[in-house]
Amino acid sequence: MRSLGSDLLFWALDLMVELGFCRLGSLESEARSKLVDFFCRGSEKVKKVKYLQRKMALEITQVLLSAQSPDANVRNKAETTLGQLRYQNLTGFLQSLAVELSNDGKPTNTRILAGIVLKNFLDAKDYSRWMAIDNSLKSQIKTSLLNTLGSSVREASHTAAQVVSKIASIEVPEDEWPELFELLLANMTKPDSSAFLKQATLETLGYVCEEISREDLLDGEVEDILAAVTRGMDVSKQNTEVCVAATRALYYFLGTDHSKLSMSSYIEKVIYYAVKIKETKIREAVFGGLVSIASTYYEVLEPYMTTILELTTNVVKGNEEVVALLAIEFWIAICDKEMEIQDYEVPHYHFIQNALSPLVHMLLETLLKQDEDQYKDQDQEDEIWNLAMAGGTCLCLVARIVGDAVVPLVMPFVELNMSKSDWQSQEAARYAFGSILEGPNIKNLLPMVNDVLDFLLNAMEDHDTHVKNTTAWALSRIFELVHSPATGFSVITSDNLQRIIHILLKSLQDAPHVAKKVCGAIYFLAKGYEKASPISLLLMPYLPDILRNLIITAERKGSTNSKLRSSAYKTLDKVVMCLNLPETSEIIVKHLFVIMSKLEQTLNPQILSSDDRKKQGHVQASLCVVLQVIIVKLSSVDETKQVILKEADRIINLFLHVFACRSPTIREELLLAIGALAYAIGPDFGKYMHHFYKYLEMGLQNLEEYQVCAISVAVVGEICRALGDKILPYCEWIMPLLLKCISSDELHWSVKPLIFDCFGDIALAVGEHFEEKYVDSALAVLQRASESSFELDNNDKEMIDYGNQLKRSILECYSLFLQEFKNSKPELMVSRIPHIQRFLESVAEYPRDKSVTKAAVAVLGDLADAFGSNEEVQQLFLNYAFCAVLVEECLESNDEEMKKTAEWTREMARPAISLGSENLF
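Going left to right, the sequence shown walks through residues -22 to -1, 1 to 899 as mature numbering (1 follows the signal peptide of the UniProt record, and there is no 0) numbers them.
None of these hints come from the bench; they were simulated from the model.
Since the model is a prediction, treat every value here as computed from it, not as a measurement.
Heads up, a few of these hints could be off.
What the hints assert, rightly or not - Distance condition first, Cα-Cα at most 27 Å in a straight line; then the derived DSS-like pairs of lysine-lysine: (1) 800 to 877; (2) 828 to 751; (3) 509 to 552; (4) 775 to 704; (5) 576 to 665; (6) 247 to 259.
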């Protein structure tokens, strides 16, 4: 039996743990020393803790309000404060967020943001931070969140549902929250449960089922969840919102099983509800689930497709546009899936081909369902996702799948409606025609397009902007798909080219949304001539007028449509990109000076408002992109490269002045333009590094705007190729920044493979200096990254892509280091051979894309080439079958580069293996 003193000791220790003064499982000596401190100053500490908790609870509301302020300074300060609160007292911070979310007396927007911040903490890759929090505090937070599900403030209960699901995704697989489902299911059966509580509970069940797998659920839980969801779908007993939540939850719940039987059961329920239920919101949820099934469970749909075709056709004929849109999106999802699988040996049921005639008829009917009210503000909002646009999008996909078979089904509709007097019919005809140009054989399309082209050119004179807008889009499609002089098939000839260009340039003066489509038509017209020399000379006389009119369009007075300005400049840089040198060099050089002059004019404008500054940034960004393209184009030929070398001082000075404008919208474009200049002028760029490096440093430190950081990394690579070993003095700050970036959890995953590529660029540039100063750090980071590359979520497509990119870049970096240091410092890489072997073996065991396989085989070849006499390398080739598997995969590939890599590796490996083991290769 414990003494009273012992009881007091354990009571005190428990209290200390609860208050956070010592850790569970801490050493007795630590506990005793803290206990003395506790009894001496404990009462003051308790008071202080309670005071801080009250203070944080009061503070958090104001900080969350400030974090949503339109004033950037107030917003940034609030975001900094949130970070400090989290850093200083994480447990108190999380508890304050949960209390804020649960308090119906707090502003709705602060409650939502509190939930988002809490969810983001739980979304982080490192779940151990949540699991390390004291259980009693976690219990308080979870109870608070579950209570919030009953809030009458829908935004709060919805946010709470998301946060609960995130906690469940962490704890349920670890058996840490066994009572969760019991508590949620009780909400569905209690007599006093409100509709708000039932709706949020079903939403939570759906989110939780989306987050976890079937193995995480007990059999009893599966049955109880299914029963609760089914009761929630009973329209005779539940309101509309509850039924909608139940319908969505059912999809997520059955999705945890991944069985054909479960999805078949769901489809049957969907069909039943689609036929029986008249409530639009429920039907919307039903068809939304069907859209999800189309792409995820394609293989279970075959028995139901006739019924689904009938259902979707009836919905499209009706007046529920939101449901009709989902009906079309179902077929769009089917098209996407059938295009995705057509090159793979997986079941292909040809749903589109089998339903072709009634499906095309249904889609053509949607093209006639334009709503004039939706087009009133079209100058401002060009692209409106409505039933007509969805139908046209689906028709485009159908044409790509079935090819020539779609033409006879669509052309009677085009001919019938093309000349009708109402704009709806005319627009529908043009939309239908443009939608079927990709897929059918170009040779078969050419006569039909020739017949229609003249009609469309005349239609650009129409008074109705709806008609002109769709006509310009149809012309753009024609020039993109049926204008290929290099292959001998083109609707544009020397006879009609002048008229076409005249009409397009005149139409640039039309309404902004029409002019934007015309920009696209001009680009595709120019692109068709890109690889068609000497036919491309036909375009030469018109190029000055084309480029001049695009600049005029970009600078059009009175237009508030920034999309048009952006479109005109994008078309300008794309047209320049398509031009052939040296024939067009004089025109391009002239426009180098024109664009430089335009950029100079933006440096000292009259800035009266934030909108003026924003416009300045957008214009500068567009002009920098055009300059980048001109620099790349002119520097690709020795004769015109001299122009860039001569003007480099003026160009870099201009770029540095643009940097000084501190516009946040231009950094990416400006960095890319400077990277292009560095590559163009080579070692001469060194004289500008002293002025430029601070901006490059800012880009590498910008982890939050990861695109800027990624481009900065790429620019480092360009500068390495330009300067060679002259980059060495700047590596003193570049390498630490790169190492810091790659070790940061804050940096977006997509940037990290680029950094490994950059290590290779730096190593090639500075040679032996890299091994003296940086190779140990780089190899250590490579090793850590190679180990973590197999810990990614294989159910997340983004993470699968990232894993492939990461492994490829690591392997390519190893290849470069093996070659670079095999003579100068071989011991560096010899000590890494066991790790490289383990990495390659893991690569062979896991699913991967072709680029990873090729890079792995290249590393094998580099190992054999660099260290073929090393015993470990010899044993690798002699005893490890995975080497042969990787090489064989490359040899059997249709990719010639992969085959060449495998053949080279096999040759490198022969001296490293005994004759008796040559059958491995």
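Right, here's what the structure says about each hint:
Only pairs whose Cα atoms come within 27 Å are accepted, and residue 800 paired with residue 877 is accepted, the gap being roughly 25 Å. As the CA atoms of residue 828 and residue 751 are separated by approximately 34 Å, the hinted pair breaks the 27 Å bound. Among the hinted pairs, residue 509 with residue 552 is consistent with the structure: their alpha-carbon atoms are about 14 Å apart, no more than 27 Å. Between residue 775 and residue 704 the alpha-carbon distance is near 41 Å, which puts this suggested pair outside the 27 Å criterion.
Between residue 576 and residue 665, the direct Cα distance comes to roughly 26 Å. Compliance with the 27 Å bound is thereby established for this hinted pair. Proximity of residue 247 to residue 259 is assessed by CA-CA distance (about 16 Å); at most 27 Å being required, the pair is judged to hold.
Hints 2, 4 from the list above are not met by this structure, while the remaining hints are.
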